[in-house]
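Colleague: Each chain, letter by letter, is given below.
There are 2 protein chains.
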Amino acid sequence: MTPAMVREAAHRIKPLTKRTPVLTSRGADSLAGASVFFKCENFQRGGSFKIRGASNLILSLDRSQLERGVVAFSSGNHAQATAIAARHVGTQATIVMPLDAPRSKVAATRDFGATIVTYDRLREDREQIAAGILAATGATLVPPYDHELIIAGQGTCALELLEETGPLDALVVCLGGGGLCSGSAVIAHDLYPSLPIFGVEPERANDWHLSMQAGHRAEIGPPDTIADGLRSPIPGRLTFPILQHQLEKVVLVTEEEIRRAMSFLLGRMKILVEPSGAVAAAALLSGKIPRTFARIGVILSGGNVDLKLLADGMLIS
Amino acid sequence: MTPAMVREAAHRIKPLTKRTPVLTSRGADSLAGASVFFKCENFQRGGSFKIRGASNLILSLDRSQLERGVVAFSSGNHAQATAIAARHVGTQATIVMPLDAPRSKVAATRDFGATIVTYDRLREDREQIAAGILAATGATLVPPYDHELIIAGQGTCALELLEETGPLDALVVCLGGGGLCSGSAVIAHDLYPSLPIFGVEPERANDWHLSMQAGHRAEIGPPDTIADGLRSPIPGRLTFPILQHQLEKVVLVTEEEIRRAMSFLLGRMKILVEPSGAVAAAALLSGKIPRTFARIGVILSGGNVDLKLLADGMLIS
Numbered sequence: 005m006t007p008a009m010v011r012e013a014a015h016r017i018k019p020l021t022k023r024t025p026v027l028t029s030r031g032a033d034s035l036a037g038a039s040v041f042f043k044c045e046n047f048q049r050g051g052s053f054k055i056r057g058a059s060n061l062i063l064s065l066d067r068s069q070l071e072r073g074v075v076a077f078s079s080g081n082h083a084q085a086t087a088i089a090a091r092h093v094g095t096q097a098t099i100v101m102p103l104d105a106p107r108s109k110v111a112a113t114r115d116f117g118a119t120i121v122t123y124d125r126l127r128e129d130r131e132q133i134a135a136g137i138l139a140a141t142g143a144t145l146v147p148p149y150d151h152e153l154i155i156a157g158q159g160t161c162a163l164e165l166l167e168e169t170g171p172l173d174a175l176v177v178c179l180g181g182g183g184l185c186s187g188s189a190v191i192a193h194d195l196y197p198s199l200p201i202f203g204v205e206p207e208r209a210n211d212w213h214l215s216m217q218a219g220h221r222a223e224i225g226p227p228d229t230i231a232d233g234l235r236s237p238i239p240g241r242l243t244f245p246i247l248q249h250q251l252e253k254v255v256l257v258t259e260e261e262i263r264r265a266m267s268f269l270l271g272r273m274k275i276l277v278e279p280s281g282a283v284a285a286a287a288l289l290s291g292k293i294p295r296t297f298a299r300i301g302v303i304l305s306g307g308n309v310d311l312k313l314l315a316d317g318m319l320i321s
Numbered sequence: 005m006t007p008a009m010v011r012e013a014a015h016r017i018k019p020l021t022k023r024t025p026v027l028t029s030r031g032a033d034s035l036a037g038a039s040v041f042f043k044c045e046n047f048q049r050g051g052s053f054k055i056r057g058a059s060n061l062i063l064s065l066d067r068s069q070l071e072r073g074v075v076a077f078s079s080g081n082h083a084q085a086t087a088i089a090a091r092h093v094g095t096q097a098t099i100v101m102p103l104d105a106p107r108s109k110v111a112a113t114r115d116f117g118a119t120i121v122t123y124d125r126l127r128e129d130r131e132q133i134a135a136g137i138l139a140a141t142g143a144t145l146v147p148p149y150d151h152e153l154i155i156a157g158q159g160t161c162a163l164e165l166l167e168e169t170g171p172l173d174a175l176v177v178c179l180g181g182g183g184l185c186s187g188s189a190v191i192a193h194d195l196y197p198s199l200p201i202f203g204v205e206p207e208r209a210n211d212w213h214l215s216m217q218a219g220h221r222a223e224i225g226p227p228d229t230i231a232d233g234l235r236s237p238i239p240g241r242l243t244f245p246i247l248q249h250q251l252e253k254v255v256l257v258t259e260e261e262i263r264r265a266m267s268f269l270l271g272r273m274k275i276l277v278e279p280s281g282a283v284a285a286a287a288l289l290s291g292k293i294p295r296t297f298a299r300i301g302v303i304l305s306g307g308n309v310d311l312k313l314l315a316d317g318m319l320i321s
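If you read the sequences in order, they're chains A and B.
Per our numbering, numbering through the first sequence is continuous, rising by one, with the last residue being 321.
Per our numbering, numbering through the second sequence is continuous, rising by one, with the last residue being 321.
Everything labelled a hint here was simulated from the structure, so no lab data went into it.
Some clues are possibly wrong.
What the hints assert, rightly or not - Below are the EDC-like pairs computed for lysine to aspartate or glutamate, each with C-alpha atoms no more than 20 Å apart in a straight line: (1) A/K22 <-> B/D33; (2) B/K22 <-> A/E168; (3) A/K312 <-> B/D310; (4) B/K109 <-> B/D124; (5) A/K22 <-> B/E168; (6) A/K312 <-> B/E260; (7) B/K312 <-> A/D310; (8) A/K18 <-> A/E152; (9) B/K312 <-> B/E259; (10) B/K312 <-> A/D316; (11) B/K292 <-> B/E252; (12) B/K22 <-> B/E167; (13) B/K312 <-> A/E260; (14) B/K109 <-> B/D316; (15) B/K109 <-> B/D33; (16) B/K22 <-> A/D33; (17) A/K312 <-> B/D316; (18) A/K109 <-> A/E260.
For clarity, every value in this text was computed on a predicted model and none was experimentally measured.
The following block holds chain A by itself, in its conformation from the complex (with noise of 0.2 Å):
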């Protein structure tokens, strides 16, 4: 993975992507005593950053790659972002989803033109599904961080903030398999090599934390967490060791701490953020990144909440 892959999957995925703006706020920055830039990649294509990476890898494959289609595995932000890139090139995506994802989801990734897989969590395994679906059609699988394309395409992400911001002193981004943060790492040390990034994770998904401390990549039971975008239990198999050299820090935090900068962003910044999309804020606000910086840099990774949530307060505090 290098800086000269994430310029140009910069360059690739422009078609597809939006440039998300970046906002500030006198509010934000009085809270946490520094000058914050949150980039908004809730108001990206899909409702989050993960377009940047499955647009990058399928605007990569050629045309018989791309007559025998793409298979990804989710019930979240990667299926739409995958249904979404592969109806812009014309390729048929399969999305493997387990029969309990939400409904609006599943409705979202069907209109994107995808063929919807669903299979029992309990007593089937998805990538078994996944790799009978890929040995019958020989299709290309789209994973959801662990390729060198998906890495580099997230780090578009972080490229588009510091060309927009300038120098920071801190960067802060969100940990789940760790795509986001590993390409946001590598652009971001190309451009300024001592800048510290913060890894930020639910204390109930604290496998990144275990991973760092122990020195490899560590498992832990399905995490229990409100920010479904951040449960995958272990660390990347290529983003970990990233990570592990350029990562100034894993922080933690609680529920009520990503309540609260839901919240925030909500009620101050009139912003919708998704859970996983606002624990990067949530360390912030809640004073748990150093507050010795300046100009400190935040992915809102995405916005995708279902309103009926919202509606019942569960996600408000």
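On the provided structure of chain A, position chain B as indicated by the hints.
Modeller: Structure of chain B alone, referenced to chain A:
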């Protein structure tokens, strides 16, 4: 009211206001059958466009006027805007608010350093109270819309929008007292003399609709609508004649159309817009703007929503 006054205002209010972003959405474009440009005043300082007019007036005061302070009566966005602008120039703001104003708005206004004077809506006359304060202190009244400097300040919103988008085929703006809409019309027609401008108000607060039909300012009973910022019962004395000549049409929207627009803006575009701020979008998204325009500008005028109401499911359809 001249276009030059709007341009002067744009220069004057720069230190106190944000240049808010213009957002686009494929989903909105496809619903509207047009390219739609949303001017996001929900991201403005104080959460609405009101800071534009208030700061234009307050920054025009001379030293002796500033020493005597400013007065406004408002239970909502204009109160906060006046308090912010007053603090910026170091003058004392006195805000006359009803006893039953939302606590969060009273607290926010007090936080900006304003003195709050409360009154009983059923027994006391707020104009009389304000007149008493003005007589006793020699302070300057900052009216919510019926003042040339207020109208010129609000017009900077459309100026910024048109600077960013270039020529549009239609502009859609909410109608309360008419300050935002008339200021926008004056500058928009200076730039593009034949641009059709649609003013939108709730069916339940149809004073502009009735006044336009009657050919004179008609007063209605106290409007009962979730769009609390558009409850003024009669068009402004200055704003009515401006819009009588410059408005293409008054469009009426139902409470349900307002809620559906809020839900679309939140669920699809990830932005929180208050009911009053969503009426212009409601007219467009519910098909009430003629489908003959290729490029349409819509002003989202504010985003101050009580999150408790949102969490109670009151505002989402």
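Colleague: A separate judgement is required for each hint: does it hold in the structure or not?
Modeller: Consistency of the hints with the structure:
no., hint, verdict
1, A/K22 <-> B/D33, "holds, 15 Å"
2, B/K22 <-> A/E168, "holds, 17 Å"
3, A/K312 <-> B/D310, "holds, 17 Å"
4, B/K109 <-> B/D124, "holds, 17 Å"
5, A/K22 <-> B/E168, "holds, 17 Å"
6, A/K312 <-> B/E260, "holds, 17 Å"
7, B/K312 <-> A/D310, "holds, 17 Å"
8, A/K18 <-> A/E152, "holds, 18 Å"
9, B/K312 <-> B/E259, "holds, 19 Å"
10, B/K312 <-> A/D316, "holds, 10 Å"
11, B/K292 <-> B/E252, "holds, 13 Å"
12, B/K22 <-> B/E167, "holds, 15 Å"
13, B/K312 <-> A/E260, "holds, 17 Å"
14, B/K109 <-> B/D316, "holds, 19 Å"
15, B/K109 <-> B/D33, "violated, 34 Å"
16, B/K22 <-> A/D33, "holds, 15 Å"
17, A/K312 <-> B/D316, "holds, 10 Å"
18, A/K109 <-> A/E260, "violated, 25 Å"
Of the numbered hints stated above, those contradicted by the structure are hints 15, 18, listed in ascending order.
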